[in-house]
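Participant: Got chain L sorted already, so can you dock chains E and B onto it with the hints?
Order-wise, the sequence lines are chains L, E and B.
When the letters of the first sequence are read in order and numbered with the numbering used here, they come out as residues 67 to 216.
When the letters of the second sequence are read in order and numbered with the numbering used here, they come out as residues 213 to 328.
When the letters of the third sequence are read in order and numbered with the numbering used here, they come out as residues 349 to 838.
Be aware that one or more of the hints could be misleading.
[Unchecked claim] Listed below are the simulated SDA-like cross-link pairs for lysine to any residue, each with C-alpha atoms no more than 25 Å apart in a straight line:
1) E/K260 - B/L549
2) E/K238 - L/T201
3) E/K238 - B/G806
4) B/K453 - L/N168
5) E/K316 - L/G128
6) E/K260 - B/K372
7) E/K274 - L/T201
8) B/K372 - L/H97
9) E/K274 - B/S527
10) B/K453 - L/F203
11) B/K453 - E/V295
12) L/K129 - E/K260
13) E/K314 - B/E499
14) L/K129 - B/T371
15) B/K372 - L/F197
16) L/K166 - B/V613
17) E/K314 - L/K129
18) E/K260 - L/H97
19) E/K314 - B/V629
[Unchecked claim] Among the chain E residues that face chain L by a calculated CB cut under 8 Å, a handful are:
20) L252
21) L256
22) M272
23) A302
24) V305
25) A306
No wet-lab data here; the hints were simulated from the structure.
All C-beta atoms in this analysis are idealised placements derived from N, C-alpha and C, irrespective of residue type, glycine included.
These are the residues of each chain, in order.
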Amino acid sequence: MEGMTFIVKTTTKLLIGIIFLFGIYITFYGHLTPGGGFAGGIMLACGMILMTLAFGKRMSLGKLSDFYASLLDNLGAFTFWTIAMLGYIGGYFFMNFIEKSNPFGLLSSGTILTINIAIGVKVFASVFAVFMALTIFGRFVSGLISEDED
Amino acid sequence: MLIYFLNSILFVMGLYCLIAKKHLVKKIIGMVIMEYAINLFIILLGYKKGGIPPILLPGMEKSQFVQQSVDPLPQVLVLTSIVIGLSVMALMVAISLRLYEKYKTFDMSEIRRLHG
Amino acid sequence: MENWLPIFVAAPLGMAFLNLLVTKVFRHVSSYLTMAVVIFLLWLSIRFFGEQPFYYAMGGWMPPLGITLVWDSLSQLLVLIVSIITLAVTLFALPYMQQYTAQSKFYSLYLLMIAGMYGVILTGDFFNLFVFLEIASLASYALVAFGVEAEELEASFKYLVLGGVSSTIILLGIALLYSATGTLNMADMAGILAQGGPKNLIFFIFALFIMGFGLKSAMVPFHAWLPDAHPSAPAPISAMLSGLIIKALGIYCVARIFFIILGIVPIVKTVLMVLGGLSMVIGVFLAVGQWDFKRLLAYHSISQMGYVMVGIGLATPLGILGGLFHLLNHAVFKSLLFLCSGAFEYSTGTRQLKQLGGLMKKMPWTGTSCSIAALSISGIPPFNGFWSKLIIIIALLQAEYYLLGAVTVFVSFMTLISFVKVQKYSLFGSLPKKFQDIKEVPVLMVTGMVILALLCVGLGLLYPFYGQAILESARNLMVEPYQYLQYAMP
Chain L
67 MEGMTFIVKT
77 TTKLLIGIIF
87 LFGIYITFYG
97 HLTPGGGFAG
107 GIMLACGMIL
117 MTLAFGKRMS
127 LGKLSDFYAS
137 LLDNLGAFTF
147 WTIAMLGYIG
157 GYFFMNFIEK
167 SNPFGLLSSG
177 TILTINIAIG
187 VKVFASVFAV
197 FMALTIFGRF
207 VSGLISEDED
Chain E
213 MLIYFLNSIL
223 FVMGLYCLIA
233 KKHLVKKIIG
243 MVIMEYAINL
253 FIILLGYKKG
263 GIPPILLPGM
273 EKSQFVQQSV
283 DPLPQVLVLT
293 SIVIGLSVMA
303 LMVAISLRLY
313 EKYKTFDMSE
323 IRRLHG
Chain B
349 MENWLPIFVA
359 APLGMAFLNL
369 LVTKVFRHVS
379 SYLTMAVVIF
389 LLWLSIRFFG
399 EQPFYYAMGG
409 WMPPLGITLV
419 WDSLSQLLVL
429 IVSIITLAVT
439 LFALPYMQQY
449 TAQSKFYSLY
459 LLMIAGMYGV
469 ILTGDFFNLF
479 VFLEIASLAS
489 YALVAFGVEA
499 EELEASFKYL
509 VLGGVSSTII
519 LLGIALLYSA
529 TGTLNMADMA
539 GILAQGGPKN
549 LIFFIFALFI
559 MGFGLKSAMV
569 PFHAWLPDAH
579 PSAPAPISAM
589 LSGLIIKALG
599 IYCVARIFFI
609 ILGIVPIVKT
619 VLMVLGGLSM
629 VIGVFLAVGQ
639 WDFKRLLAYH
649 SISQMGYVMV
659 GIGLATPLGI
669 LGGLFHLLNH
679 AVFKSLLFLC
689 SGAFEYSTGT
699 RQLKQLGGLM
709 KKMPWTGTSC
719 SIAALSISGI
729 PPFNGFWSKL
739 IIIIALLQAE
749 YYLLGAVTVF
759 VSFMTLISFV
769 KVQKYSLFGS
779 LPKKFQDIKE
789 VPVLMVTGMV
799 ILALLCVGLG
809 LLYPFYGQAI
819 LESARNLMVE
829 PYQYLQYAMP
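Next up, chain L with everything else stripped away, as it sits in the complex (with noise of 0.2 Å):
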């Protein structure tokens, strides 16, 4: 059996939805509250990574392999880098082209979400990929961790 007791395979269980949901959260309001992409991101990648602890890694890999990770991460800075060029077009490197209006709502902030968003979706990708790439990596070396079963 991979991974660790049943204890903190049920507990992962319960709290990793609301670990999500706030991640996401901190993600999406971070123009409104303190946070924003890179904690949001991290919070993300910590769920993954309690998930990589409680179940193994057979399992946080069949929910996001290696492959897709790194595509996320490079996706989410590419898409950093758009939102930056279509400022330029309209006038100014990083220029804050969507209207801003309503203050304290969701879309108050013009382009500051979309950006929260882009890194909010790489920080996660490329810190949960670097977990993996650590843990992947370290089988290898012999000695450094014990073989488990499985």
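Facilitator: Then chains E and B, alone, in the frame of chain L:
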């Protein structure tokens, strides 16, 4: 003043750990402590005792707000610098794992195939 | 025209990520995409050539609040150097990197490094400078370890630790500068400091920056990482590191921050000259005894950067001109020498000088380029290295630093000895039996080297045609830094 002094002690502790310890992971920890000491220092630059968050709410006097609120710019800088520190740390961990694979040790004094 | 300025940073940055996306579908296109970006940037820098200085406000936020990019004569010099060397190195890298796996990752890191360097050169904001410095440094740490052999990883770890310390120290200096002036915009800061800042704090900041940028540019007490890191990387990256990174991240920042923003003071000049003199002498003495071709070149980088530092630290108009001219020349001939060492390694599989020999007959193009670069670095008259060294020596004598002038001549002589050794053991002499059937390297590699070799000849002889526009205007900015305030702020 005391808090700046303590902060500089934290910085020097990190530097000492980076220089004097031979274990690669301890070196990484020293590096991270050093970076966080600098981050803390930058936060302290913008800190005011009894300050308020730098958000201008309706009904606030502008001059009083400027006097009371903490400086938001250092906080932004620290966020960026934390991200950079994270990527440096990830790269260091990856390289030290690879080094362990090649040399079968984490001891920096035994990792010296390059010399001169 | 000014609208085009952020493209210098944006194009390589975007292509670095697009590269990895595209290569998931189409393999083997990353090198062509990189080539396209590099040619585009060269075209852009030639179009920008001779523009009047201006600033570009990112996102429409006016300085001193927003981040600015500033185009002026000093940026122009460095942008031209980076564009030209990058083109030659990329031409060389296309066939050379075929022997490595994961090429798309290589080109992505390479483009990130280029983006970081352009950012450092063009930025007008202190914290932005730090961020771009870290982008370029991080990419270079990863690229040094690109071969993942034991030595490369060791060199990369050493480089990472020392580079991380230097970045931390630079960040501390920037934080203290922010606390002293309350702004991060360079022009605004220069204006505030010109009215008189806190003297002691400024001296402390000078010390921090000398340590930080001294580590980045490998001045002698801080040089330990360079002889390991530069030879360990793949040859194109060695050429980039030695030719561009230590200049864009080290010397350029010293020139920009010390001379234009903080305003140079006599004691700092002395410190810079002492560091430069030490680097010259110790670098060349360590270089003479080396038998590894790339390691020898790395030690010569330390020594030659000492020349630049002495010239700039002298702070007379002629000295700064000599320093900047030597910066340009060193970028050209040291990149060329590293590319030649890469070409030798590509054909023969070794870079130990004792095992080479007689390669001039088998590899005439590479051999000729290598000789030109070797003559150029050791200061033989028609080539470019001679003129810049001559200018530095004349400037030293004019300022009555006779001892340092004599040391400079002596170091040049030692450089000549060491490169006579290189030529004797690699290009001339008898060809070892096992190298009887080696061939000249592929044509793209030769093209990259020939471009740089032609520059080695041309930069010295054609100085009257381009010197006024490129070098002397940059010199004028450094001598009269108050000009910066007139165009970098509204």
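Participant: For every hint, state whether the structure bears it out.
Facilitator: Evaluation of the provided hints:
Only pairs whose Cα atoms come within 25 Å are accepted, and E/K260 paired with B/L549 is accepted, the gap being roughly 21 Å. Distance check on the hinted pair: E/K238 and L/T201 sit about 19 Å apart at the alpha-carbon level, within 25 Å; holds. With a CA separation close to 51 Å, the supplied pair E/K238 and B/G806 exceeds the 25 Å bound. With a CA separation close to 43 Å, the supplied pair B/K453 and L/N168 exceeds the 25 Å bound.
A hinted pair counts as satisfied when its Cα atoms are at most 25 Å apart, and E/K316 with L/G128 does not qualify at roughly 32 Å. At most 25 Å may separate the alpha-carbon atoms for a hinted pair to count; E/K260 and B/K372 exceed this at roughly 51 Å. Using a Cα cut-off of 25 Å, the hinted pair E/K274 and L/T201 is violated, with the two alpha carbons roughly 53 Å apart. Among the hinted pairs, B/K372 with L/H97 is inconsistent with the structure: their alpha-carbon atoms are about 33 Å apart, more than 25 Å.
Between the alpha carbons of E/K274 and B/S527 the distance comes to roughly 22 Å, so the proposed pair stays at or under 25 Å and holds. With a CA separation close to 18 Å, the supplied pair B/K453 and L/F203 stays within the 25 Å bound. A threshold of 25 Å between alpha carbons decides the hint, and for B/K453 with E/V295 the separation of about 21 Å falls inside it, so the pair holds. For the proposed pair L/K129 and E/K260, the alpha carbon gap of about 46 Å is over 25 Å, so the pair is violated.
Our distance criterion of 25 Å between C-alpha atoms is met by E/K314 and B/E499, whose separation comes to about 9 Å. This hinted pair checks out: L/K129 and B/T371 have alpha carbons roughly 23 Å apart, not beyond 25 Å. Proximity of B/K372 to L/F197 is assessed by CA-CA distance (about 21 Å); at most 25 Å being required, the pair is judged to hold. With a CA separation close to 48 Å, the supplied pair L/K166 and B/V613 exceeds the 25 Å bound.
Between the alpha carbons of E/K314 and L/K129 the distance comes to roughly 32 Å, so the proposed pair goes past 25 Å and is violated. With a C-alpha separation of about 24 Å, the suggested pairing of E/K260 with L/H97 holds against the 25 Å cut-off. About 36 Å separates the Cα atoms of E/K314 and B/V629, which puts this hinted pair outside 25 Å; it is violated. Annotation: interface hint on E/L252 violated; nearest CB of chain L at approximately 18 Å, more than 8 Å.
Restraint check, E/L256 versus chain L: the minimum CB separation of about 19 Å is more than 8 Å; hint violated. The beta carbon of E/M272 is not positioned within 8 Å of any beta carbon in chain L (closest approach about 15 Å), and the interface hint is therefore violated. Hint status for E/A302: holds, given a least beta-carbon distance of 5 Å to chain L, under 8 Å. Below 8 Å, beta-carbon pairs count as interface contacts, and E/V305 has one with chain L at about 6 Å; its hint therefore holds.
Checking E/A306 against chain L by beta carbon gives a least distance of about 7 Å; that is within 8 Å, so the hint holds.
The earlier numbered hints that this structure contradicts are 3, 4, 5, 6, 7, 8, 12, 16, 17, 19, 20, 21 and 22.
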